[in-house]
Amino acid sequence: MPEPTENLQESTANGWEPKIVAFFCNWCTYLAADLAGTSRMKYAPNARVIRVMCSGRVDPQFVMEALARGADGVLVGGCHFGDCHYQAGNHKALRRFRLLQRVLMGLGIEEERIRLEWISAAEADKLRDVMNEMVAQIKALGPLDLEVPAEGFPELADVEEVTA
Amino acid sequence: MSAETNGQPKIGVYVCHCGTNIAATVDVEAVQEFAAGLPGVTVSRAYKYMCSDPGQEMIKEDIRANGLERVVVASCSPSLHEATFRRATAEGGINPYYFQMVNIREHDSWVHTDIAEATAKAKDLLRAAVHRVRFHKPLERSRVDVNPAVMVVGGGIAGIHAALTLANADKKVYLVEREPSIGGHMAQFDKTFPTLDCAACILTPKMTEVRGHPNITLWTMAEVDKVDGYVGNYKVTVRHKPRFIIEEACVGCLECIEVCVFRRGKTPDEFNLGLSMRKPVYIPFPQAVPPVVVIDQDACIEFRTGRCKKTCVEICADRNAIDFTQTETFDEVEVGAVILATGFKAFDPKRTPSYGHGVYPNVYTAMELERLVNSSGPTEGHVTLRDGRTPEVVGIVHCVGSRDVNTNEHCSRVCCMYSLKLAHLIKEKTGAEIYNFYIDIRAPGKGMEEFYNRVAEEGVHFIRGKVADVYPEAGNTGRVILQAEDTLLGRVRKIPVDMVVLATGLEAQADAEAVRRTFNITCGGGGFFMERHPKLAPVSTFTDGIFLAGACQGPKDIPDTVAQAGAAAAEALALVDRGFVEMEPNTAYVVTEECSGCKTCIPLCPYTAITRVDGKAQINPVLCKGCGTCVAACPSGSIRQNLFEDEQIYEEILGVLADA
Amino acid sequence: MTQAIVLDVPDLTLDGLLDTPAGRALLSCIQCGTCAGTCPYGEVLRYTPRRLIGMLREGFIEEALAGDDLLSCVTCYDCWAKCPRGLRLTDVLLPVVKEQVLLRLPQVPPELQDALANTMRYGNPMGESPRKRAAWVESAGVPVPLLRDLGRPVDVLWIVECYAAYYPRGQDNARATARILNALGVDFAILGSEEKCAGECARLVGEKGLFDTLREQNLAVFGKYEFGALLTSDPHAFDAFAYVYPALGLDRPVDHTTPFVAARLDALKPRLTQELGYKITYHDSCVLGRHNHVHDEPRRLLEALPGVSLVEMTHNRDSTICCGGGGGGMWLDTFYKAKGHPRLSDRRVEEALATGADVLAVSCPYEVPRFEDSLKVLGGDDRMVVRDVMELVAEALAD
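Protein chains in written order, with this note's numbering: chain A, 798 to 961; chain B, 1085 to 1744; chain C, 693 to 1091.
Derived by calculation from the structure, the hints in this document are not laboratory data.
Calculated cross-link-like contacts (lysine to aspartate or glutamate; reagent style EDC-like; alpha-carbon spacing at most 16 Å):
id, chain 1, residue 1, chain 2, residue 2
1, B, Lys1310, A, Asp880
2, A, Lys839, B, Glu1201
3, B, Lys1434, C, Asp1010
4, B, Lys1700, B, Glu1678
5, C, Lys1031, C, Asp760
6, B, Lys1310, B, Glu1418
7, A, Lys839, B, Asp1198
8, B, Lys1578, C, Glu735
With these hints in hand, go ahead and build the complete structure from the sequences.
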């Protein structure tokens, strides 16, 4: 568990709740969240889901934008390897995600704040657990309060080319 | 309602109560009022059931009367009603893609308990949709022709019934079965519950009909190797395992079996679950379809030594049906839809060693008993123990590999009824005392409870208690003791029996996971294939054009299997008969002027939809499936995706975080 | 296969039971009767786990708490292992119920009362002097250092436990273990007079207060020293250290001597040269075997001994039959006899004799006296002897 920050001590006092933006692929993780609903599972209400067709669609810039706009964490959910509806979009998502993680750590953003999970349409329980776990982890970290550098974030698309 | 939209499109917002499904946890009125204050929103309403006719009518009327240009509905999952509301939007007179759905039920009211938190979440999600929908563009669905042929995978009663239904509707059907004969588990059964009609008598005519049907291509000893393509246009590669018999040349005279150099069979007969032996050349069972022999490569002398006298070839003479040189071959066929009817696997009781299967000779599985009571079985229908004696006391152990977290948590649904059937048949044939050890007798369905009553009246004992221990009776009697608490009498019973029948449960096939991957569908609880919706789409999957029939989707009896196979055939027929499918217009496209020609996107596309023309990327919209991976990767931002434009997603991000 | 897990609510009581996840799971009991059907005292126990759950669910539990019926539960984990709902009967339900039974009992059977009082006063149920706890060491023939005397950290702290430390046939086990540890070159020490009963049987018979006292005392002693891991000769102590102490602060790995030595068999094998010439049948103990699924390790050890052949009893591995000594059964023989209960060790020994083996091998110090008694009663003591696996390994060990 990461050490609590100063932010945390302030914010737990005023009832702060972390805000998480979640990008879920249409075929696995979004459906897992649907299944969690039909199964009436209960989990932390902190995440706001944005549906994309494939985790491969998640542009690192989306994640940066979410963090810059006040999200305390970003969750990306895709299909397990071998299950991608589009063969291997999730592989591409992973590659991009690792790169993004390095960039964010360079900016001093804790790695627990962004998370990539493979959650199949049947794994509602995993979805619930990931949601709860991530909220707990970010609560321990405290609010992000990201300061956007004056020159803006590095253009991730530029580095994409190298890894593609 | 806000009147001023400052030149922005006029947006209508509709928040659904869904009875109390949403309204119990989300303050719907508060969400509706909140929406009214969002920029661009000119109409904001809440309604009991938005998906109902009056709900849809409300949208249409507002478009017509209030000049709405965008529609947002906050209700359930888009996988349920997105199509409904798009249609209503179109019927109101604007492009159906001027619509956005907000999931405040599955993703909100059903998974949270705190009303304030759930309402706040609903507002955030709704705000995101209102932000986003302003940037929606009018789109058209494209049409793609559908190949009218259908593939059915698995030749048990589900596959047979589905194949015949489609073939009778004049559709071309490829029926693929991995065993040497179709028929599946049903062919092994003796009688069927609760009517006690003989399984072979009702199954065999259907098997023969498959064989003779001009619209059915039957491939036995074949498995699906690979699936490419998409709904309406699947390319399926089928692998044929060698039978070492030229199917067309074999007349099914079985003389080769007679003259095989093996005087007696030495290989356990799969069809009889090892209760009899077969030769290397054999026919799986007398009514096999196709009625053609097969050579077991592992047992045949010719394959093992290359020095067999080949009496089989000799007797086959100029029919020349035997071909030792056969190898694996492949076929590639194009079909519009696939029905998976791959069935179940009977639970292996070795996994519960305390029941003594494989340890004590007279502990049998229910499938073994099916063969013992069957007049074409290894004992010609005489229920005898391994030493030839007729059992005087028989114990039937229910729930073996079912309702048990140590094996399978699910109820296998059919074991109670087949146990009653076996109890009746064994009693009829032997007069034995029969003890059923059960937890609950599950006899729902037509004629089932009546059958239970009948068997009870025949004097079969019912002990309510799960068998806890099986061990030999002292003094080498050959009997084993079944020990269980009789929970109704509140005492432990130890009943010595001659024969134990384990009512083994139904499990997903061992390779269900591999099949699932091949067809890009999902497995749910217990490894069974997952249907698109448990109630409203029970034979569809999340992959369009792939349907489910029978026990591959979950344990079920023959009537339910056949009903579901008919439903799967009807769904497939509805798809292929229409002749075309409409594709979701979420394809990617290139803004040519902005493309730098860097080629980053080209290797990313799994469908080779992107090519380089005149130094610029070009996307073939027919090949593009709309994953958006190239969009996310494009360094110059010149690739866009319909329905998932960058600005639409950025607006959603802004929308959910506006409060942060 | 049900797996033993660490108790997350160590201070659980019957009142709070349904507020815990494991307690709530009890509500999903399907009343199938597997627990009673498999219970070694299923024929005499009135309030089987099935009935207890039924009464608990419907508010009749008080009826089951009156009277001494539940003293017949020997916490053998048989119901726990076979329960198709995976309910935590032996580790969660039965201890909290038995605690209430014991509280309400007007008179605790004297034998049990003495054992508990002795454990409280002397740290062992026999009432032996704590100072004599390491008396066996003098006859060990190999060095057995006291941790107190070593004055340095050790890799392995060996908790000999009461029956191996005091009971004469148990001391044979302790001496054998000491020889083996020396042969393996293990850096180990014992606590001697500082060691106290781990308290698991007190906990499982329902005397949780005593268990808590012992646990506090033991943790205080452990805290004085540095050691890498705990090793114990008693499966019950193993369970206490592995599953109950951790939630209360113990953070060292725990092992039982049988799997510990089995894991080092390769190093030991070249020295196992004495030809034994025994036909052995191995009895899986309830705790080490059924609860912890340690089945292969003792068999691997026995098979490695020169001139040994192994035969199996009808009930083996997870289906093993209880010796009757667990959960307080060790101190209730007179009570069971008065009630007319069959002796569980007799049933086990009958099965063992039926194999034609001449050695009944065990891995739990409770079993040696119980099976030796039964052999005498059944007249089998001229055909079969009882030996701990450690004794057999030491016997094959060349000097």
